[in-house]
Every structure is written in C-alpha cells, then in structure tokens.
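Protein sequences, first through last, are from chains A and B. First residue of the first sequence: 110, per our numbering; consecutive thereafter. First residue of the second sequence: 29, per our numbering; consecutive thereafter.
The set of hints was computed from the structure by calculation and includes no laboratory data. Possibly wrong hints are sitting among the right ones.
Unchecked claim - Examples of chain A residues toward chain B, derived with CB under 8 Å:
#1 L133
#2 Y144
#3 R145
#4 V147
#5 N149
#6 G250
#7 H272
As the list claims (entries may be wrong) - Listed next, with one range per pair, are the computed distances between beta-carbon atoms:
#8 L166/B to T266/A: 41 to 51 Å
#9 A108/B to S170/A: 46 to 56 Å
#10 S170/A to V171/B: 42 to 52 Å
#11 D80/B to P138/A: 21 to 31 Å
Keep in mind that this is a model prediction, so the values were computed, not measured. All C-beta atoms, glycine included, are put in the ideal place defined by N, C-alpha and C.
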Amino acid sequence: MDEDLDLITRTAAGENEAFDELVLKYQKPLYSLLYRMVSNHEDASDILQKTFIKAFTGLGSFERRSSFKTWLYQIAINLAKNVYRDRALVQYVDIDSVVIGKNPRTLETLISKENRLLVRQALSGLPEKQRITLILRVQEGKKFEEIAGIMKCSVGTSKANFHHAVQKLKKMMQDT
Amino acid sequence: MIQEWGWRVSSNILHREFILNRASSIRHLKSMTCHDENIKDLLPAYREQGLDPPGLDRVRIHLESCGDCREELDLLGLLAEETVPDPGEEFWAAMPDRVRRAVRERTEGKGHFGLSRVLDWFILPRWAWTAAAAGVVLLVSWVAFGPLKAPERTPSAEYDISDAIMPADTSGSDPSQISELDRDELDTAAAWAEKELASVARELEHGMVNGVDTDLYEELRQLNASEVEQLSTLVDQWKQEG
C-alpha cells in the first residue's frame, strides 16, 4: 500500500514512469473484473484504458482515505456500469463450432458450455449491485470488507447483497 | 487396444454422468432452504480453502447434512470456473504506452473539437440521447409547420386596414393575395369596403341634392338650343308645381 502511495507521489511530481508501474501492477485484476462485467474483450480493454486515464488525470482528487486499489476499482466499475447498461449480454452457444461425434468429449463440452451459458445469463439478470458483489466475491476473490470499500457500503450490506444474489441465482437456475 | 477403448468409453460415460448430475443438482433438486447465514458467509472462503481449521471443520460437518448449502457451493464453483481469456503479453506490455498516449492527446486536444470528443459523445447516457432526439423532432416540426395558429388581426373600430392587407392602390394588386386571406381578414376587408362605398354614395347623394361640387355653369354651356329649350320648360313646370 505504501508502495502505491510512493508511486502516486512520484507521478504527481511529474515522473510518468511511476504511473506506468501502477498500470502494470493493476491492469490484470482490473481487466479480469471488467471482462466479467461486460463479457467481451473490446469493451473490457477500452474501459481498462479509460480507467487508467481517469485515474491519472484525477490523481489530484484522490483523497487517500481508501486505498489506491479500491479507488481504481470504483472508477472501473462506474465506467463499466454505463457500458453494461447499454449492452444486451445474451450469448449463444455456437453449435456449429462443436463437431458432434468426432471428439469423445463433445457431449461433455456441450453440457459444460450450456451450464456456463446458463450461469452467465442468470448472472446478467441480477440487480446491478448484487451482480457486482457476486463477481467481486466469488470470481475475483475479494473479501466482504474490500467489497464494502469498493461498493461504498457497509460490510453487512455487502453480505446481504451476496446472499440475495446467490438465492436469486439458484432460483433462476432451478426455473430453467 | 480394445481395453484402452473400453476404458476411454467408460471414463467418458462416468464423466458425462458426473456433469449431468452436477447440473441437475443445481437445476432440479429443491432442497430445504438453509437459513444459517454464518455458514453461508463462510462458503466462498471454504471453496477457496481460506478458512482456519476450526472453521473448515464447522463447514464440512454442516455440508454433510445440508443439501441447500451443497447446492450453493456447487453454484459458487460454477461461477468461479468462469475463466477470463488472457489477451496476451503484447496487450499487457502496450497498456502503459496506450494510457500515456491517450493522456497526452487529451491534454493537447483540450479545447479543440477533436474526433475523440465526438466519439466520447457516443457513450452519453440513454436519457441524454432521448432528450436530444426529442429536441430535434420539436425543432424540425416547428420549422416545417410553423405555429399552428396565425396571430389574430383584430380590426380596429375604424376598420383600419393596413397596406399589407388592402393597399391604397389596388390596381396592381395581386388577386392571389386576396385568396390567401383567412375568414377573419376577409370579413374585415368586406367591412372596410362597405364603409368606403357608403361614404362615396353619401357624397354622390349630397352632390346631387345640393350641387355643392357640381360645375353647373360648365354643363349648361355645353347644352345645345333644343336642350336649353327643354330645360327651361322643365324649370317652368317645377315653378308652377311649387
């Protein structure tokens, strides 16, 4: 954490290479979260770049009350929300891409793809806060305390969002 | 060879059944709902193997008797298995440069109406686009059709018709202008004409009765002898009749 603050101070002093280090450090986890939120590489990489641009140009407004990492996640999630709202995230299994009969694992692949598709569709049907909380907790491995910081809510609220998301997801999966 | 084939087939069948069972356990089995929120809080950490030994034991014992939590654990597993494709080292290595270049372009282009700014507009929220579209429709409608009702021309008590409607010299006026008048304007014009004609009629009548403006001597001078004779006869008759 102190390392981040040091890099921020150096960036503010005009040392752009320091910001490069921050980009290299956080680009992979941020990309992972963004990809899960928008489900395609083009949007994820575009939002990732915009997140760093916004962070760089807005370093002056970073109050250092939360960690730089939490602040970056907040920027990325806010940018991704706008994109996600304008996208229909329905994706289909491309049956033609699966050559039935030749590959002994074809059926398994198909079932696996179908399950993933079901999960993805169910996930996209969740309310925004619950969906993001679930992604952060299960797919990104964040603790409830970190999620509370990123989502600007209490730990109790982040846990409640998580439980509601899981219950809804279970119900959606059972109904399909 | 046959043995190997047999092993592969049975292995595939077993694997297929495992996946089918796993999917159906989530989709079709409806276990009793568990309300132990403390255990449910620990499930993600249990899956990530991030619990201390007492916590681990507690969850393990609970799972042995709770179908609902086992389903939930399966679901968390499915979610966690969702992988993110790696865009490659080239992508990661290029990101700092991309960011720096974009920041530089933004700083240099500040105040200019550049392409990037135009492109930025495309990520405006939906309500902004809706409002802009509504504004354009209103503007086009107004330009195309104008105000629905023309401002009313209320005639004055004196029927003061402006030149635009009834020019003083109507000899060169275009009849199509009159055809373009609406009902109110036509009524006003008719009233004006009636008033004008009435005053002319009044003047004529006044002139005939009083002869104020008639050049009588000039007219008499133009009469021939028989007409003068006829006139004097008539005057004599009027005198006799009183």
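(message) Less than 8 Å between beta-carbons is the criterion; does N149/A satisfy it with respect to chain B?
(response) Since chain B brings no Cβ nearer than about 10 Å to N149/A, farther than 8 Å, the hint is violated.
(request) Starting from the hint 46 to 56 Å, judge whether the C-beta atoms of A108/B and S170/A obey it. (result) violated, 35 Å
(request) Answer holds if the nearest beta-carbon of chain B is closer than 8 Å to that of R145/A; otherwise answer violated. (result) Check passed: Cβ of R145/A comes within 7 Å of chain B, closer than 8 Å.
(message) Tell me if the beta carbons of L166/B and T266/A are separated by a distance inside 41 to 51 Å.
(response) holds, 43 Å
(request) With respect to the beta-carbon atoms only, verify the hint that S170/A and V171/B lie 42 to 52 Å apart. (result) holds, 44 Å
(message) H272/A was flagged as interface toward chain B. Is the shortest Cβ-Cβ separation under 8 Å?
(response) Nearest chain B Cβ about 6 Å off; hint holds.
(message) Min Cβ distance, L133/A to chain B: is it shorter than 8 Å?
(response) holds, 6 Å
(message) Taking 21 to 31 Å as the stated bounds, is the beta-carbon spacing between D80/B and P138/A within them?
(response) Roughly 25 Å apart at Cβ, these two residues keep to the hinted range, so it holds.
(request) Go through the hint on Y144/A and say holds or violated, using the shortest Cβ distance to chain B against 8 Å. (result) holds, 5 Å
(message) Just to be careful: measuring from the Cβ of V147/A to every Cβ in chain B, is the smallest value less than 8 Å?
(response) violated, 11 Å
(message) Interface hint check: G250/A, Cβ to nearest Cβ on chain B, cutoff 8 Å. Holds or violated?
(response) With a minimum Cβ separation of about 6 Å from chain B (threshold 8 Å), the hint on G250/A holds.
Violated hints for the displayed structure, listed by number in ascending order: 4, 5 and 9.
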